[in-house]
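S.K.: Protein chains in written order, with UniProt numbering: chain A, 1 to 377; chain B, 1 to 440.
A few of these clues could be false.
To be verified - So the derived label-pair ranges between C-beta atoms look like this:
1. A:Gly145 - B:Ala287: 23 to 31 Å
2. A:Leu206 - B:Ala234: 54 to 62 Å
3. B:Gln152 - A:Gly56: 28 to 36 Å
4. B:Pro7 - A:Leu354: 34 to 42 Å
5. B:Ala33 - A:Leu157: 56 to 64 Å
6. A:Leu354 - B:Asp34: 51 to 59 Å
No wet-lab data here; the hints were simulated from the structure. Note that CB positions come from ideal geometry on N, CA and C, so glycine has one too.
Here are the chains, one letter per residue:
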Amino acid sequence: MVSLRNHESTGRGEDAPRTPAPSAADRWRALPALVRFPLAAAAAFVAVVALTFVTGPTADLRLGSVGYYMLAIAGLQLLIGYSGQVSLGHGAFMFIGAYTMALLVLNVPALPLWANMLVTVAVACVAGVLVGAATARLHGPYLAGATLALAVGLPSLTVRFPELLGGSNGLAFSTRGAPAALAGVVTTSQWQAAAVWLTTLVGLVLLATISAGRLGRRMRALRDDESAAALAGIPVGRTKVAAFVISAACGGLAGAGQAYLLGTATPSSFTVTLSLSLLAALVLGGLGSMWGAFLGAVALVYVEVWVEDLAHVLTLGTNVSNNLPIVFFGVLLILVILIRPDGLHGMFRSLADLVRRGRRPAEPAPARSRTPSTARE
Amino acid sequence: MRSRIAPAAGLMAAVLLATSCGGAGEVRDDAAADLDVSTGVTEDSIKIGSHQPLTGPAAPGYSQISIGAGAVFDYVNENGGVHGREIDYVVKDDAYDPARTIEVTRDLVHNEEIFAMLGGLGTPTHSKVVDFLDEEGVPDLFVSSGALMWNQPDKYPLTFGYQVDYTKEAKIQGKYIAENMPDAKVGYLHQNDDVGTDSEAGLEQYVAEQRVAVESYDPGNTDISPQIASLEEAGADVVVCSCIPAFTALSILESQRIGYEPQFVVSTIGADTATLTGLLSEFAAQAGNEDVPVEQLLDGMIYTGYLPAITRQDDPWIQLYSRIYEEYADSDRPMTNTTVYGMVQATQMARALMSAGEDLTRQSLLDAVHTQDWAGPGYVPFASTEDDHGGYAGAQVLRFRAGEAPETLQEAMVTDSAGGEVTAAEVERPAPEDITFYGE
Chain A
1 MVSLRNHEST
11 GRGEDAPRTP
21 APSAADRWRA
31 LPALVRFPLA
41 AAAAFVAVVA
51 LTFVTGPTAD
61 LRLGSVGYYM
71 LAIAGLQLLI
81 GYSGQVSLGH
91 GAFMFIGAYT
101 MALLVLNVPA
111 LPLWANMLVT
121 VAVACVAGVL
131 VGAATARLHG
141 PYLAGATLAL
151 AVGLPSLTVR
161 FPELLGGSNG
171 LAFSTRGAPA
181 ALAGVVTTSQ
191 WQAAAVWLTT
201 LVGLVLLATI
211 SAGRLGRRMR
221 ALRDDESAAA
231 LAGIPVGRTK
241 VAAFVISAAC
251 GGLAGAGQAY
261 LLGTATPSSF
271 TVTLSLSLLA
281 ALVLGGLGSM
291 WGAFLGAVAL
301 VYVEVWVEDL
311 AHVLTLGTNV
321 SNNLPIVFFG
331 VLLILVILIR
341 PDGLHGMFRS
351 LADLVRRGRR
361 PAEPAPARSR
371 TPSTARE
Chain B
1 MRSRIAPAAG
11 LMAAVLLATS
21 CGGAGEVRDD
31 AAADLDVSTG
41 VTEDSIKIGS
51 HQPLTGPAAP
61 GYSQISIGAG
71 AVFDYVNENG
81 GVHGREIDYV
91 VKDDAYDPAR
101 TIEVTRDLVH
111 NEEIFAMLGG
121 LGTPTHSKVV
131 DFLDEEGVPD
141 LFVSSGALMW
151 NQPDKYPLTF
161 GYQVDYTKEA
171 KIQGKYIAEN
181 MPDAKVGYLH
191 QNDDVGTDSE
201 AGLEQYVAEQ
211 RVAVESYDPG
221 NTDISPQIAS
231 LEEAGADVVV
241 CSCIPAFTAL
251 SILESQRIGY
261 EPQFVVSTIG
271 ADTATLTGLL
281 SEFAAQAGNE
291 DVPVEQLLDG
301 MIYTGYLPAI
311 TRQDDPWIQL
321 YSRIYEEYAD
331 SDRPMTNTTV
341 YGMVQATQMA
351 RALMSAGEDL
361 TRQSLLDAVH
371 TQDWAGPGYV
381 PFASTEDDHG
391 GYAGAQVLRF
401 RAGEAPETLQ
411 EAMVTDSAGG
421 EVTAAEVERP
431 APEDITFYGE
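Here chain A stands alone, though its shape is the one from the complex:
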């Protein structure tokens, strides 16, 4: 899948000596970011489509869910993992995205999907600018509190304007599935999963490019030490707002993906729980790396499914089995934080390192956080 591993920290000067004969992996990493990320995304798209050909419609739906959650979590990753601002209200941007999508499909059904997505991004960006500018002076818990208020308050807009937003029942609509020409080749659910993943991957490529570039470096500088960053001439306020807007756009796009996939937008899907789940999934997956977003999204969608099946197999009491998935997710989160504060991604990375070292015992571990592409300004 997408190889985004080379921009995960500010890289405090560990330039390991490079091995004389570059391996395939090294040559891959030497490609410029603008080539590498789209290539990786294309590979990921092929993998997703391949997966939909061997699974059923329910799996397609879950796969699509992993897609949009991943985008939302990746946006949050940029905000929290890279720029160091904590948001507890990112579900609010998914809410904005989902409702924008729903309103567009209902009121302008002739508008193409990509145009809907673009409008959604624009709306989410405007919301991001407003919120980001209003909260740019807030730090840590204050920012968290302000964004939390957003997640609590925004969904109640729907009951304020029931005519437009459908009240607490929300909006329902159907979207166009696979075109008639492809009938029998791909199912509607495959088509929808593919569309969501395409959106997600385009978003991820942009995110990865941004965080590998100058803006990304500025964000990481902010995260590490705000005063030092300011002294170094980094415009603190603007960078913070930029990070906020980008992650809001991702959240909005994720919400649009969800609405498109499910054909609905309802306030009860965008409660505070969603915002907190996104954050929990991010921590679980691993802060500071885009792979963490992927692992977090997979955990968010599948842990519940698996544990539910497990509870079914064990024939536990109703009260126990109903709450088991939530408990399990919580326990997993606590364990991961206790054992590996860098999340599942950190765990997998050290496993990979172990394997690599076992294979090439004489060589020093290859430098993993500095590559020519990020070193170039």
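Mind docking chain B on chain A? Use the hints.
M.R.: Relative to chain A, chain B alone:
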């Protein structure tokens, strides 16, 4: 494998981009699904599915429904099943979140391969899957919601309502108030979704002249004091509460707190007195008031109902259901009227399956539902004909009496969801042994 998939995916991406220039909204072609199938039916079992809020905010009262239904199905299975087939009742938790409902419903239809859906709970939730169930040709019986949309046989031929819809119920309440309390000033208090709008449409037909206030609440906000204060200020002596149980309880507590004593008239959805008693004690305890006489608070409350209440210990159906609950229900909670709701739902389902006969297909089930004589546990007729999928067609007006069986103020009435008359219903209620809902 890979060599074929890669071009396929590339092609798909290209087509995706090309066709995404068309509109995102759907142009539907209504090809009806094949109903002459027996998906989910084997030699010795029938798989029935449901989506219910087993966790989350709606779970406290409503999780009892599937426990009740499950117990009845266990009882049916123990007694020979339906034509020798056991009923396999699969309940999936959607936490009352429509996004989850969509996921678990697809799971039920595609992976579990259920024969039919029974009592999917909630308007915001179930309204998002009716289209899907219709497309897949899955019979969608007895939706647990009083919204009007389930009764649209032209649009959703496979969907059937269950509980009396909000407009019918409000018309019966409105007529009762207009006839028996003609001088009362009436205030409405309702949930600000379809429960509210549908109820108001019914009430307005009878008590528009008497109405002095219309207040609504948002289910997410438990502070109901402004609404109660406005009702008091408007001088309402009758408050028609189209509320879910938590908000009935909150309204009663808040009125008592400010010394306002209107006559409450509560809809079936919020009038389960067993649930209310529990909620009132809980809320009072949270407010630091341990010894509120909760039974006394509810005493005299007028409500509408169509199913036997558990306080009617002399009712043969309640006697049977209590026995079943004791023996089969996997729950440490006491049985409530909400449990009875689920038990009646399961009984009706088993009856429909019985009449569908041994050669069970989805079409034969629908035919059976359309022609079924439903005289049974409920107090009012049950509509499921070709052109009326409305479920329970009316309600009784009852008064709660602390520690006693409820007093029937007005026998069962029926009406329609539009401007039709409210008329007396004629129902003969058979005892459980007169009805076949299990057996070889």
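S.K.: Now tell me if each hint is right for this structure.
M.R.: Against the structure, the hints:
no.	hint	in the structure
1	A:Gly145 - B:Ala287: 23 to 31 Å	holds (27 Å)
2	A:Leu206 - B:Ala234: 54 to 62 Å	holds (56 Å)
3	B:Gln152 - A:Gly56: 28 to 36 Å	holds (30 Å)
4	B:Pro7 - A:Leu354: 34 to 42 Å	holds (37 Å)
5	B:Ala33 - A:Leu157: 56 to 64 Å	violated (37 Å)
6	A:Leu354 - B:Asp34: 51 to 59 Å	holds (55 Å)
Of the numbered hints given earlier, the model fails hint 5 alone.
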